[in-house]
Amino acid sequence: MGSAVHQVIEKMYKPSKNPLYYSTLQKAQGAWWWKWKTTLERKTPILLDRAKEMDEEFGVSGLCCITRYWKDNVDKPRPLEVEKRFRVKMFPKVWFVGVFDQIRTVSLEGIAKIRPDLIVNGKLKDGYDPVLLVDLKTNKESYDPRRFRPNITDDGMASYQFDLHENMQITAYYWLYYQAYKKLPVAFYWYHLRSGKAFRTYRTKGDFEPFLELMSHVADGFKNESYPLHFGKHCKSCDYNKECKERRPERPLMFTEPSDGIDSGGEMIVYPQEIPVGAKQLRLNFPSPKKGK
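Using UniProt numbering, the first residue of the sequence shown is number 1, and each one after it goes up by one.
Everything labelled a hint here was simulated from the structure, so no lab data went into it. Hints may be right or wrong, so weigh each one.
Subject to a maximum C-alpha distance of 25 Å in a straight line, what follows is the list of computed BS3-like cross-link-like pairs (lysine-lysine) [what the hints assert, rightly or not]: (1) K76 <-> K113; (2) K71 <-> K14; (3) K27 <-> K71.
Make the full structure from the sequences, and use the hints.
Encoded structure:
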């Protein structure tokens, strides 16, 4: 659903002569339903789980995102860039590629409101571009816990949003922009489309070192063809968990029905082993690591 929402929003700004391609909200909503219908038709053969109820649920969620975005942005200036792709060299034989959902310009007055520390003698501090990076999000949850914890403390807020302000993906966007333009963006906005709320953060050059250390570790793993499994909540929406479980035949893919208490049982369904058709080990064209390194 998220990818389809991004594509519809991207098309809102084509052709560039108009503020928004869809001149009315109804046209934007109609475009969404057409995009969702064609997306489902194209993706059905590879979807792990497909149910009409889920199609409708995600369709309505996408409609809410498009509706909210259109209403909140129809009268605002067009973004400087939409779905902008960057590709820069990170390490020898390693290229880093990223796509920015949006890059928006921001006035000095706007910068003074969100980053007053960057205004010196009425001018933007050297080393910064008057732009904002915007990441469009269709997630159910956001970084606003006050919806269910209205009395949360400042320490609680800092803890709840810790990921936002330390997230390596955001650092990657900053690093990539800096490599392309040799300047830092003023701020980064995590734009929650369902609620219309935007959550601001930023990075400095000091954040690049731990990011590059992590990327060096990842690149070494690719070079050595080492791909450790990383299980987590993200596995719920993965279409390849059957293939993943084939790596451990003694405990195949399964699910369990909830039981009333600890000792009352609960049916467990175990899938038969299957050999994926056409599955191949990913191999990248890196030189073999030298002995002793």
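Do the hints match the structure? See the list:
1. K76 <-> K113: Holds. K76 to K113 sits at ~18 Å (cutoff 25 Å).
2. K71 <-> K14: 17 Å, holds
3. K27 <-> K71: 13 Å, holds
Going through the hint list in order, the structure satisfies each hint without exception.
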